[in-house]
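Undergrad: Take a look at the letters that make up each chain.
2 protein chains.
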Amino acid sequence: MNEEHIARAALARLAEPGDTAMGAALRVHGPHEVLRVLQSDGPLPPEFRRRDPAGYRVRLGGPSAADDLATVARLGGRFVIPGDRHWPTQLDDLGDARPIGLWERGPVPVRHAALRSVAVVGSRAGTDYGTYVTDELARGLAGARWSVVSGGAYGIDGAAHRGSLAGGGTTVAVLACGVDVVYPRGHDRLLARIGETGTLVSELPPGCSPSRVRFVERNRVIAALSRGTVVVEAALRSGALITARRARDLGRSVIGIPGPVTAPQSAGVHQLLREEDTYLVTSAAEVIEHVGLIGEDLAPRPSGPTRIWDQLPPEATRVWEAVPPNRSVDAETIARDAGAAAQTVAACLADLEAGGLVTRETTSTEQGEQRTWRRTTVN
Amino acid sequence: MNEEHIARAALARLAEPGDTAMGAALRVHGPHEVLRVLQSDGPLPPEFRRRDPAGYRVRLGGPSAADDLATVARLGGRFVIPGDRHWPTQLDDLGDARPIGLWERGPVPVRHAALRSVAVVGSRAGTDYGTYVTDELARGLAGARWSVVSGGAYGIDGAAHRGSLAGGGTTVAVLACGVDVVYPRGHDRLLARIGETGTLVSELPPGCSPSRVRFVERNRVIAALSRGTVVVEAALRSGALITARRARDLGRSVIGIPGPVTAPQSAGVHQLLREEDTYLVTSAAEVIEHVGLIGEDLAPRPSGPTRIWDQLPPEATRVWEAVPPNRSVDAETIARDAGAAAQTVAACLADLEAGGLVTRETTSTEQGEQRTWRRTTVN
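Protein chains in written order, with our numbering: chain U, 127 to 505; chain B, 127 to 505.
Mixed in with the good hints, there may be bad ones.
[Stated by the list, open to error] Computed spacing ranges between beta-carbons, pair by pair:
{"#": "1", "chain 1": "U", "residue 1": "128", "chain 2": "B", "residue 2": "494", "range": "45 to 53 Å"}
{"#": "2", "chain 1": "U", "residue 1": "490", "chain 2": "B", "residue 2": "129", "range": "43 to 51 Å"}
{"#": "3", "chain 1": "B", "residue 1": "480", "chain 2": "U", "residue 2": "333", "range": "32 to 40 Å"}
{"#": "4", "chain 1": "U", "residue 1": "129", "chain 2": "B", "residue 2": "489", "range": "42 to 50 Å"}
{"#": "5", "chain 1": "B", "residue 1": "390", "chain 2": "U", "residue 2": "128", "range": "56 to 64 Å"}
Source of the hints: derived by calculation from the structure; they are not laboratory data. We put the beta carbon where it would ideally sit given N, CA and C, even for glycine.
Pulled out of the complex, with its shape left as it was, chain U reads as follows:
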């Protein structure tokens, strides 16, 4: 903890998340100077453009940086800023929209948790299908030692955190409120568990309430922290789609899990999958294939059962098909039905018989022995 932490903590009180004017001013003048100007009555530096300083100054009477830092420390948390050893440098991709700092709570620094992480997000009103698929996915990711980053909300977010925890994984909840605020209320136990084993993180100081704008800006942090964003269920215009598109803008993988086209909860995912640079996946292994290191995390290609004709050359398949399963016929009939020469048919029948695929029957007639074939019944 140093002077820069204190200055940035104070600035985090004054600015809303995603304030690129603030980000530009910080980049040019540093946190001390920006804070000094905002605490004075003077004009703002040019990076703030035409922003009214009163928008920041109206908040100067709020809790002090020392109060906020003490509150978070009391909860066993910390405030990390760019340049810290534990700063998640992938957030630097956000440019001037990079958070001023991050308030963290939990045993795993977000930098570590997020190094090998996937964001799993979706509708608050997830269906049973979406909840099931999310749970499977998050467990699978946990099993492959991938962290799950999500937003702590009801529905898909909650299923993602729970699945990761159930799979023994690390999960990160990026909040749109202070890390000491329980939102949504019904997730009090879930958020407590995440705080005990993973990380609760926010760019908003303790005590702050969520708002729509904060949810939207929070999504950019989810997108930037992780190697890719998976959307499980999302209605048209769902916030999860904003997260996914921000991930795409940041060069992260954008991944969707399809569902029934009859379900409004999948309509947003399908819209996303119809856009460029979006990948359809059906399993954790396929997600990892997209976000993993090239050649390291290849998913097994799904395959159906092997069938007899996969093993046979085309000619033998034709002959095999020409042998009826319900009666025994002679080679000439088989040749005609298969459209194959007698010699070919004889060779194929010998192979098929050796493989147990046809059964030969021999009948003694006045003209000598007559051989006929019947298809062997298999599975």
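Position chain B relative to chain U; hints supplied.
TA: Just chain B, lined up with the frame of chain U:
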């Protein structure tokens, strides 16, 4: 009907569908010469490579071309060959795998029916979901005057034909057996209806039974006839995937309709959608967008309900969000919560009040009038 029809009808009896050696020989020597050689005892021309002539000659004793042509004529059908006015020239894209000729039955020549057509194919074991979606899709295509081409099988194929018929459209069943053979048996009435209003078509002469090889080769005709192939439900290794990949090889659009990732019947579609050059769609309009003429058949972009914050500038949204819905607060509180200057807040509140989004309350106090605001409750 001319000599070439008779020669090609005879050759259609001797060769199996998709015989590229036969196709090459026809291209070089023409049907009369190829038929003459096969009817003789001599060696085959070099295009046949090492193929054993007995494979063809074993079938020479079967029904004559005249018999076959008479059989189909009796059913109100016809035999069309390359060069005919009614030949579907899109089949020429198959190169040497082009059918020797097509046996047609029904009032609409396949050439006409297929000019503006989409193949809709899928699993024989379609689920209720798949059947429903296929029906909706085929009706929608029919409503937009697109024909539906399919294979006449149980499951998705059947739903595609039925949906097209229900929508008043033209539908084409491409069979892997003679056009006089009812296969599958349970589709006797459906096939009869297609024959009455659309087209039954096959490259196999009358009386021929289906076989696995014939199903596989039939798929290339479905793929080549239509502008694109839509796979609705398909297990891994389903024949519908063969049709789709043949369509891709032919430069046609390959389209998949997703389903639950938990359903084996959708696993093949999802596998297809993970390949290059495959489009995910959710409606007939989106299918038409892919197969239609550029700029002519654009699907409407799906959209969710418009929300208040879509209409407001970001600053006004922030102010609106800072006005609580359950109690009335003063402008100073709103400014602090929104992080906005008093002047901005005053301007935004005036706009929001004019728009009916906030309600002003005025209380007389000893200090004079006090104005407070409360968020107006809107759905």
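Undergrad: Hints first: check each against the structure and report whether it holds.
TA: Right, here's what the structure says about each hint:
no., hint, verdict
1, 128/U to 494/B: 45 to 53 Å, "48 Å, holds"
2, 490/U to 129/B: 43 to 51 Å, "49 Å, holds"
3, 480/B to 333/U: 32 to 40 Å, "33 Å, holds"
4, 129/U to 489/B: 42 to 50 Å, "46 Å, holds"
5, 390/B to 128/U: 56 to 64 Å, "58 Å, holds"
Checked against the numbered hints above, the structure breaks none of them.
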